[in-house]
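Top to bottom, those sequences are chains A and B. Take the first sequence: its letter number 48 is residue 48 in this note's numbering, and every next letter is one higher. Take the second sequence: its letter number 47 is residue 47 in this note's numbering, and every next letter is one higher.
If you're looking for bench data, these hints aren't it; they were derived computationally from the structure. In this text, a Cβ means the ideal position worked out from N, Cα and C, and glycines have one as well. Be a bit skeptical, because a hint or two may be false.
Computed footprint of chain A on chain B; a stretch qualifies when at least three of its residues, placed anywhere within it, have a C-beta under 8 Å from a C-beta of chain A [as the list claims (entries may be wrong)]:
| # | region |
| --- | --- |
| 1 | 47-55 |
| 2 | 82-89 |
| 3 | 212-225 |
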Amino acid sequence: MNRFYSLIKIQLKDFLGKTVSSLNIKYKSFAKLLILLLPIAISLPVFNLSLTTFITFAQLGQPELVITLTYIGAVMLMFFLGIPFIVSIFFYSRDIQFLSALPLKEEEIVFSKLSTVYFYLLLIATIVMGPALYVFGMNTTVSIFYIIKALAVLLLVPLLPMLIAAVIVMLMSSFLINSSHRNLFSLLSNFILIGAVIALQVIVNRYTTDPEKIRSLVESGEGLLSILGMRFPPSIWMTRMFVGSLTDTILFLGLNLILIYSLFKLSKLFYRKAILSLQQGGRASGEIDYKNESRNYQLIKRHFLIIFKEPTFLMNTLFTLILPLFLFVVMSFTGEISREILNSPQLTPYHSLIFIIIIIAPVIVSNIGSTIITREGKSFWQTKVLPISDKENIKARIQATVLLTFVGSALMGFFALYLLELSFKAILIGSVFGIAVILFFSVIDLIINIYRPFLNWNNPTAAVKNNLNVMIALGLRAVTAGIIYGIYKLTDDYMLNNINTVILIATAVFFGAYLGARYFLYNKLVDRFRKIYV
Amino acid sequence: MIILLKLDSVKKVYDNQTKAVDNLNLEIKKGEIFGFLGPNGAGKTTTIKMITGILEATEGKITINGHDIEKDPIKAKESFTYVPDHPEIFDSIRGIDYLNFIADMYQVSSKKREEKINKFTKDFEIYDDLRTPINSYSHGMKQKLLISGALIPEPEIFILDEPLGGLDPRSARTLKDMMHDHCDRGGTVFFSSHVLEVVENLCDRIGIIDEGKLIACGTLDEINKNKSGSLEDLFLELTENE
């Protein structure tokens, strides 16, 4: 087999293998089935959205715009998700040194690595664009020719965002990066992603809440496609290519070819100036500190350092803890929530409830505790040989989780204090409730991690993102919310009419549940924790 | 004679069928350097992991300085430090952070840790790299850092799994000198190795394990009784017979 194809094959196999093993499911065939089913489950709401969009544009006489719109959405999504993925496979993969020693050209290594990016983006393209192509085909003319065309479009769609993202990463890294900037570079690329998501949210919100803009767009009739594609011409070329225009087909394919050629030309520079330069280390300077601290302090500090010194863990933690704050800030900018509305006489009686919802948001989306053992990976043995009890070891993990989540909740609390004119009583009741919820879920999450430790990972992304523990932790939060909602429905308006009493009862229930979970953890699970090993 | 480490009919079975260690009995005396030999997959690392509390024995009892590793793990662990064969530690932190962490775990005072850190890291020539993140260290440097960390608390027993892999000749010599110094101060060293020459020259006693069973234990002369040749010949003969 050709050396390059063999390299691509092994990279894809490695990528798939890591994805399957990162799910941490004992039965590999079930994990593979899950990987197949998960995109289908995600694409169901996308399918619904595509159908609604199709009907709207069909009424305007331009049903093909459903493809244009989903294409623009897919390209943006792939572009912004592509950047951190490209950074991760080039700057954090452990096979670069191994590959460097093989008789391969630099561009072969770069392109083989990009094949995994392409595969990942193709999956996103299928989830986002697949339903639109299906809806359009089923409601217009479906034929073998259409199916071939749709498949060809799907295969082409990831190229453009991947190539643009790769060229940007290559240019930036070739001139900016050195070994000490690697983490900073990774953080920056992830913040670009977060910033883009928030900017998109603001733009979409402004558009959808401005009837004038929508009206002018609709009235433009024939020029609707041009308006949509004005900022991004490939979307027009792709749509027209889809409906049979040869010129636009040439333009679209030509653009992709130019980008592939640029990438080919840049790959040598990128490989030498960015990738290989990272393999060389430097020596840091500064004072050496010999201060002694307590064991518990050091254990907690260790968990903090594991998070803060590993960009993937740091981003994941910041993302889950600060994301609610970002969303609330965006919502306050777009006017969805405002001080006037929240402090209106109708909402004042529910301030305690609103305060609670705001401060427990980081607890709901965060999953620090469910991966606090996993994050240690192969270095987990270390605390096992130290002269500390298993309870001390477990306690430090809970304390680290509680402290981090508490910081997230405190930030949200300050934001809530700015938004709401809260009474001292509401702050007190809300804070105590928040603490009870943080304690409960910190223990529950650690229990999940003890049952599913998953320490044999090679990529930190696998430890915290593609880990089923996170889904289980989020699922438990959803179940808890469902139970609370069920009780609310059963008790009619009693809960809303007696909000403070209900919060106090709920606080007692969460504290009780925390004590129960804690008892179970310290008395029934210590042995299981002791038996975890890499 | 004080027995610091005792393995009493220790057995480790994986998945209810694979016997990794089978009925192992061993006594390590205070002040000796004990070499633990065996072919690949013989059960050396599994034994060390059971001694250090990373793995639980399926059957049998392990006592360290009189403390059962399963029943009284903290007291037992206060008596030893351990250096694994693969230096897998959380490596995004700086070398000095790691050493301070270990020193705090064994409650070593600031003054003493400063003295020890300076001594060991200078001996191993990694002192100037202590401010650098561990992930930029070579395999050998990580190994030296782990060894330095393990020596800071002045443990009663110093347990090392294949400690010489990855060390350059000068560092290997430094480590051997440190092992001797440790024993001269009343400490004990228990280590596994593939390097027969090192074991032959360094150890007071050796144990040979094959297929989970201890097939020979004693001084080189005791084992070599009625047999001729070097330790290499003896090792090959014993492990082949099994």
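Status of each hint after checking the structure:
no. : hint    : result
1   : 47-55   : holds (count 5)
2   : 82-89   : holds (count 5)
3   : 212-225 : violated (count 0)
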